[in-house]
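Asks: Each chain, written out:
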Amino acid sequence: MRARLAQAAALLALAGAALLLTGFLGVPRAGREVDVPLTVEKFAFSPPRVSVEAGDRLTFRIRSLDITHGFAVEGTGVNATILPGREVRVTVPAGQPGKIRYRCSVICGPLHPFMVGEIVVEPNRWPLWGGGLVAVVGFLASAGVARPAGRRDLLRWRPLARLLARRPFQFALIAPNLLVFTLIVLAGLVGTATGALNVSTIFVWLAWWGLLVLVLIPLGGRIWCAMCPIPAPGEWLARGAIVARRERGWGLGRPWPKPLRNLWPAFGGLLVLVLFGLVVTTRPLVTASLLLGLAAVALVTHLVFERRVFCRYLCPVGGLLGVYALVAPIELRARDLEVCRACREKPCFRGGAGYPCPTFQFPGGGLERNTYCLLCTECLKACPRDNVALSVRPFGVDLRVSRGTRADEAWIALLLLGTALAHSVIKLGPWGWIKSWANLDGGVEFLLYAGLFLGAVLGVLPGLHLVTAWLSRLAARAPSARLGRLFVAYAYALIPLSLAAWMAFTLAVVAPNLSYIPRVLSDPLGWGWDLFGTRETTWTWVPLGLLPWAQLGLLVAGLWGSVRAARQIVTDALGESGAGRRGLLPVAGFLALLAWAFLALYLG
Amino acid sequence: MGMKRAERLALAVVLAILVGVPAAVFSYQALRNGPASSGEIFLVARTVEHGGWSPARIVVKQGQTVRLRILAEDVTHGFQLLHFGVNAGAIKTGSTKVVEFTADRAGEFPFYCSVRCSPLHMALMGTLVVEP
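Chains as they are written, first to last, in numbering that gives the first Met the number 0: chain G, 0 to 603; chain S, 0 to 131.
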């Protein structure tokens with residue numbers, strides 16, 4: 000019965016995909032001529048969304064209400080400059096069904112990179128068939144059988160093991176990042192205030208963030224923490240050494256206060272950061288101040304408290320990375336727990352040839368999840384028995400480890416998912432009013448925006464999540480299961496989907512704006528330099544036709560991972576039998592709904 | 000390599016970064032704007048809200064051939080110096096345009112932005128001083 004259901008679902012998915020394709024390959028009919036009066040003003044087009052039939056020809060009559068803007072249409076060569084005071088006519092054929100974005104192509108202020116509008120070419124089947132695909136994938140994932148996880152220890156390859164065990168290794172990772180960090184802070188403080196022309200904003204929020212979300216997190220989890228320059232100066236001072244192992248440094252080495260031994264401080268920092276996200280990511284001075292501020296806090300905490308408590312409890316990015324590292328296909332663990340049990344000195348935890356674990360982890364016992372492992376390789380240097388493994392493993396394994404799940408981590412997972420949705424609406428959507436509200440243009444408007452944002456991220460989404468947990472308990476007929484427990488446990492199932500959503504979001508932010516990178520490399524401070532002759536690199540469109548497909552693929556893969564994790568988590572919470580299977584239904588349904596919401600937002 | 004040497008090398012690298020980056024940036028900028036540079040005058044256009052023309056007062060000698068390189072720093076601007084028949088047209092954000100003219104009359108002449116750039120666009124004015 001189950002197998003036949005799965006087969007039927009697969010057939011349905013194939014049929015859906017075929018129909019989706021016919022929608023894209025359909026020959027456009029000769030359509031109407033559509034006349035669109037369009038006004039542009041910082042930082043929105045009006046109307047923000049135009050809906051037409053495939054085959055129509057749109058003629059935009061564009062006027063600027065304030066200053067000079069541009070009008071560039073995705074996937075076409077159309078790129079016009081809209082000077083104030085004269086009307087520009089631009090003709091755009093609406094060929095294939097789907098969504099065509101147009102955006103401002105002349106830097107007009109801080110929010111310029113997010114000034115977009117949309118042409119929806121009907122019949123747009125993306126949301127419909129994407130939704131079908133999501134439903135089918137969700138169903139298949141919930142029915143699938145879990146395979147035992149295979150692992151491969153990378154340190155069996157001796158040259159790598161020897162390299163990682165060398166003391167200067169981590170410094171070699173940090174030094175180049177310290178160089179970039181210094182330039183970024185300097186440029187943010189003294190360079191141009193125009194975000195799109197300053198290396199600080201472009202490198203942090205385009206290059207670093209893009210690399211982090213699209214490559215480092217999905218492949219390496221917290222590997223950024225091993226090379227992050229922000230805590231480095233404090234750590235060096237506290238240790239009294241940069242590469243060498245010294246017993247006494249200049250830090251006071253106080254214990255971190257007990258009530259703060261959790262991720263709530265990081266949660267708070269992250270919340271402030273994402274609330275002011277639009278301001279932080281577009282202002283060089285704010286970006287530089289943020290980095291300097293983090294470095295200052297890190298310096299003080301290193302000098303006062305023991306080990307790397309900043310990275311363990313305080314760093315907002317650390318909180319984000321810690322939660323997503325659970326998914327990463329890499330882990331640092333002990334090879335043989337028996338060896339660790341027999342080990343009396345436990346130098347990986349207490350210190351020996353290497354420094355003691357900066358985040359208080361003990362590979363021989365407590366380290367079962369990636370959340371707090373910085374991959375700094377100190378335990379590798381400390382272990383006298385060569386008992387540390389750095390392994391490649393399947394995605395998402397840690398999500399199924401129920402030991403150590405906590406409310407603070409769960410709330411970070413919820414916050415991250417909500418923020419992915421909110422920032423997709425604010426930054427990628429065509430709605431100018433919310434952009435200007437979020438941009439601190441006015442006090443009252445910002446308060447309204449803050450209310451909306453916090454309500455959605457801390458209220459509505461966790462509320463829906465709680466309802467899901469309640470429904471799951473109801474469906475499983477297990478009233479004795481504690482709702483709060485389920486709320487926390489189920490939050491871990493959101494993580495693969497929310498990471499995939501961040502990747503889809505980041506792809507859509509980074510891809511169209513890549514040409515800023517050669518510009519700021521040539522003129523990092525916006526002072527008119529031209530170091531490499533690339534300062535006048537004009538706006539170019541990378542092949543954006545692939546973007547919807549990439550977003551669809553990412554979201555479907557994320558949903559798959561999330562439902563698979565949910566299956567395990569629900570079974571652990573409610574039992575192996577029919578109860579677990581019935582309890583999974585609301586959770587898988589909620590996940591599919593979330594995936595569809597992102598799809599509809601990006602492609603609908 | 001001994002640990003002592005590695006430590007000293009690492010310290011040297013860190014200091015070189017922390018001191019070297021600002022030193023390199025500021026000395027390169029000083030070199031570009033120095034008297035021995037190309038002879039161009041570098042003029043930055045910003046909206047009045049963000050400081051206006053920089054420099055707002057340009058002093059040249061009568062009879063001199065003046066080359067201005069104008070950078071639009073925050074939004075799209077223009078450059079107009081009507082007394083010498085100069086109009087650079089629109090200068091898009093982040094790009095530069097070069098204008099050249101001979102300062103054949105002595106006196107003080109206003110120059111303006113010619114592309115609406117902010118509510119205070121009309122006030123975006125600078126002065127060219129031609130000394131006899």
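Read the hints as simulated data drawn from the structure, not as lab findings. Every residue, glycine too, gets a C-beta built ideally from N, C-alpha and C. Hints are supplied without guarantee of correctness; some may be wrong.
Taking beta-carbon pairs under 7 Å as the criterion, some of the chain S residues facing chain G (in silico) [said to hold, decoys possible]:
1. Gly1
2. Leu14
3. Val18
4. Thr75
5. Thr92
Below, in silico cross-link-like pairs of lysine to aspartate or glutamate (EDC-like), each with a Cα-Cα straight-line distance of 20 Å or less [what the hints assert, rightly or not]:
6. S:Lys91 x G:Glu121
7. S:Lys91 x G:Glu535
8. S:Lys96 x G:Glu52
9. G:Lys98 x G:Asp65
10. G:Lys345 x G:Glu305
11. G:Lys98 x G:Glu52
12. S:Lys96 x G:Glu40
13. S:Lys91 x G:Glu52
14. S:Lys91 x G:Glu40
Asks: For the pair supplied as a hint, Lys96 (chain S) and Glu52 (chain G), is the alpha-carbon distance within the 20 Å limit?
Replies: With Cα atoms ~43 Å apart, Lys96 (chain S) and Glu52 (chain G) exceed 20 Å; violated.
Asks: Does Thr75 (chain S) hold up as a contact with chain G if the rule is Cβ-Cβ below 7 Å?
Replies: At 3 Å from the nearest chain G Cβ, Thr75 (chain S) passes the 7 Å test, so the hint holds.
Asks: Is Lys345 (chain G) within 20 Å of Glu305 (chain G), Cα to Cα?
Replies: Holds. Lys345 (chain G) to Glu305 (chain G) sits at ~18 Å (cutoff 20 Å).
Asks: Below or equal to 20 Å on CA atoms is what counts here, so check Lys96 (chain S) against Glu40 (chain G).
Replies: It is violated: about 25 Å lies between the C-alpha atoms, which goes past 20 Å.
Asks: Quickly compare the C-alpha distance for Lys91 (chain S) and Glu52 (chain G) to 20 Å and report which way the hint goes.
Replies: Judged against 20 Å, a Cα distance of about 35 Å means the pair is violated.
Asks: Holds or violated: Lys98 (chain G) and Glu52 (chain G), Cα atoms, limit 20 Å.
Replies: Distance ~11 Å between Lys98 (chain G) and Glu52 (chain G) Cα, so the pair holds.
Asks: Would the stated hint for Gly1 (chain S) survive a check requiring a Cβ distance to chain G of less than 7 Å?
Replies: 10 Å, violated
Asks: Hey, Lys91 (chain S) versus Glu40 (chain G), does the alpha-carbon distance stay inside 20 Å?
Replies: 16 Å, holds
Asks: Check the hint pairing Lys98 (chain G) with Asp65 (chain G) against an upper bound of 20 Å on the C-alpha distance.
Replies: 27 Å, violated
Asks: Restraint: Leu14 (chain S) near chain G, CB-CB cut 7 Å. Satisfied or not?
Replies: At 11 Å from the nearest chain G Cβ, Leu14 (chain S) fails the 7 Å test, so the hint is violated.
Asks: Would you check whether Val18 (chain S) satisfies its interface hint, that is, whether its CB is within less than 7 Å of any CB in chain G?
Replies: Hint on Val18 (chain S): violated, closest Cβ of chain G at ~9 Å, above 7 Å.
Asks: Is it true that the CA of Lys91 (chain S) sits at most 20 Å from the CA of Glu535 (chain G)?
Replies: Holds: Lys91 (chain S) and Glu535 (chain G) sit about 10 Å apart, inside 20 Å.
The structure does not agree with the numbered hints 1, 2, 3, 6, 8, 9, 12, 13 stated previously, though it agrees with the rest.
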